[in-house]
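Student: Could you put the whole structure together from the sequences, leaning on the hints where they help?
Protein chains in written order, with numbering that gives the first Met the number 0: chain A, 0 to 214; chain B, 0 to 214.
If you're looking for bench data, these hints aren't it; they were derived computationally from the structure. Do not rely on the hints blindly, as some may be mistaken.
Any copy, or any two copies together, can satisfy a pair, since identical chains are not distinguished.
[What the hints assert, rightly or not] Once the Cα atoms are required to be at most 27 Å apart in a straight line, the calculated DSSO-like pairs of lysine-lysine come out as:
| no. | residue 1 | residue 2 |
| --- | --- | --- |
| 1 | Lys93 | Lys203 |
| 2 | Lys165 | Lys203 |
| 3 | Lys64 | Lys91 |
| 4 | Lys203 | Lys64 |
| 5 | Lys198 | Lys119 |
Protein chains: 2
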Amino acid sequence: MEGERLFNREEADLLLDIMVNRRDVRGNRFLDRPIEEDRIQQILLAAVNAPSVGFSQPWEFVLIKCNEIKQQIKESFIRENEKGADQFEGEKQKEYNRLKLEGICEAPLNIAIFYSQAQKPVLGQTSMSEVGLYSVVCAIQNMWLMARALNIGMGWVSIIDPEKVKQILKAPEQNKLVGYFCLGYTSQFLKQPELEILKWESRKEMKEIIFNDTY
Amino acid sequence: MEGERLFNREEADLLLDIMVNRRDVRGNRFLDRPIEEDRIQQILLAAVNAPSVGFSQPWEFVLIKCNEIKQQIKESFIRENEKGADQFEGEKQKEYNRLKLEGICEAPLNIAIFYSQAQKPVLGQTSMSEVGLYSVVCAIQNMWLMARALNIGMGWVSIIDPEKVKQILKAPEQNKLVGYFCLGYTSQFLKQPELEILKWESRKEMKEIIFNDTY
Numbered sequence: 000m001e002g003e004r005l006f007n008r009e010e011a012d013l014l015l016d017i018m019v020n021r022r023d024v025r026g027n028r029f030l031d032r033p034i035e036e037d038r039i040q041q042i043l044l045a046a047v048n049a050p051s052v053g054f055s056q057p058w059e060f061v062l063i064k065c066n067e068i069k070q071q072i073k074e075s076f077i078r079e080n081e082k083g084a085d086q087f088e089g090e091k092q093k094e095y096n097r098l099k100l101e102g103i104c105e106a107p108l109n110i111a112i113f114y115s116q117a118q119k120p121v122l123g124q125t126s127m128s129e130v131g132l133y134s135v136v137c138a139i140q141n142m143w144l145m146a147r148a149l150n151i152g153m154g155w156v157s158i159i160d161p162e163k164v165k166q167i168l169k170a171p172e173q174n175k176l177v178g179y180f181c182l183g184y185t186s187q188f189l190k191q192p193e194l195e196i197l198k199w200e201s202r203k204e205m206k207e208i209i210f211n212d213t214y
Numbered sequence: 000m001e002g003e004r005l006f007n008r009e010e011a012d013l014l015l016d017i018m019v020n021r022r023d024v025r026g027n028r029f030l031d032r033p034i035e036e037d038r039i040q041q042i043l044l045a046a047v048n049a050p051s052v053g054f055s056q057p058w059e060f061v062l063i064k065c066n067e068i069k070q071q072i073k074e075s076f077i078r079e080n081e082k083g084a085d086q087f088e089g090e091k092q093k094e095y096n097r098l099k100l101e102g103i104c105e106a107p108l109n110i111a112i113f114y115s116q117a118q119k120p121v122l123g124q125t126s127m128s129e130v131g132l133y134s135v136v137c138a139i140q141n142m143w144l145m146a147r148a149l150n151i152g153m154g155w156v157s158i159i160d161p162e163k164v165k166q167i168l169k170a171p172e173q174n175k176l177v178g179y180f181c182l183g184y185t186s187q188f189l190k191q192p193e194l195e196i197l198k199w200e201s202r203k204e205m206k207e208i209i210f211n212d213t214y
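Tutor: Shown next as structure tokens:
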């Protein structure tokens, strides 16, 4: 155990504080101020220290600062968002249309994150092949927490056509887009998730989602 | 911005420290010592503060302490692990068979984590339906970091038949098993991932996985 890092309760509570204060940040909150290079590196360092099945590290990151590329991605969002709105009705649809759901052009930095499948069998991925994708999502969550700890906002844009984004970014055919993100300094981190404040959805109670030994 | 929580660089560096020291812990390291109830609650609190698409919180957790149930899960692991070993050849297969890849019976607590799909359209999930599953993975990564900050080991067991596990745990038909985990105090957190130490896989360099604007 020599030299092993042990954490104390205050450190664990600080981690919870970062988690609880993390928000999905959208375009109406981003500031027009670039993110310092060392902070971008710290966020990427968080990513590559995520767990990955069989230590396969199946992640790839495209960092986008070019306005023309952002504009092309934004066009995919606009098309998909119209289709998304159609899935809601009446008041809910009106509320949907009032929401700002991305910050592609406002955020100084966009990051597209891909799953690049190994070309050989991966230890631990032989029964549930989806765990490779899940490794990439673990990296995403590490980045989101690190961004928040650096007081940088991050937002997940899932209302896009992943094939269109692959084409815009010239991604290899075999890669899969896992997530598309906007990052930047922000005017405000809301106290609660915006959709909770707006009562779009309510917070689930622990007793609804925790089971003992079996369902 | 009144009352908004801002973090300093030391706090961000502590977060990185937790991430870098997080390990996948297997059965040869778990101690036979129960996890205190308040620590289990802190790990679950980390989970439910993960991001979720449209604030859908599509996660459900089965906490398993019963030895008989663990034994049934272990049987699924044994069957799947034999199939897994068959995908490797020669020396690699011998090395595979020397590795301890789970800690189902040794760990005092197992947690099965499911995706429970909403019965209505979810904001943000209309173009990429897989983002509901990804929300559950974000919760998993929060748990893993919190466990580490509490000096509790956690290991992901992916070499199981998810349908068999659903049956053992009497999970609703529509739920999907995302991950199965072993948690407990541990004799040691290795300095590096075990598969890196054993040179099963080598660490990727940043320049291999980072691209600017496009591939």
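Student: Hints first: check each against the structure and report whether it holds.
Tutor: Hint-by-hint comparison with the structure:
Only within a single protomer do Lys93 and Lys203 lie at most 27 Å apart by alpha-carbon distance; the minimum there is 24 Å, versus 47 Å between protomers. In the homo-oligomer, the alpha carbons of Lys165 and Lys203 lie at most 27 Å apart only across protomers (23 Å), although the nearest pairing inside one protomer, at 35 Å, exceeds that limit. Neither within a single protomer nor between protomers do Lys64 and Lys91 lie at most 27 Å apart by alpha-carbon distance, with minima of 34 Å and 43 Å respectively. Taking the closest pair of Cα atoms, Lys203 and Lys64 come within 27 Å of each other only across two copies (24 Å); inside a single copy the shortest separation is 37 Å, beyond that limit.
Proximity of Lys198 and Lys119 under a CA criterion of 27 Å is satisfied inter-copy only: 16 Å between copies versus 47 Å inside one chain copy.
Of the numbered hints listed earlier, the single one contradicted by the structure is hint 3.
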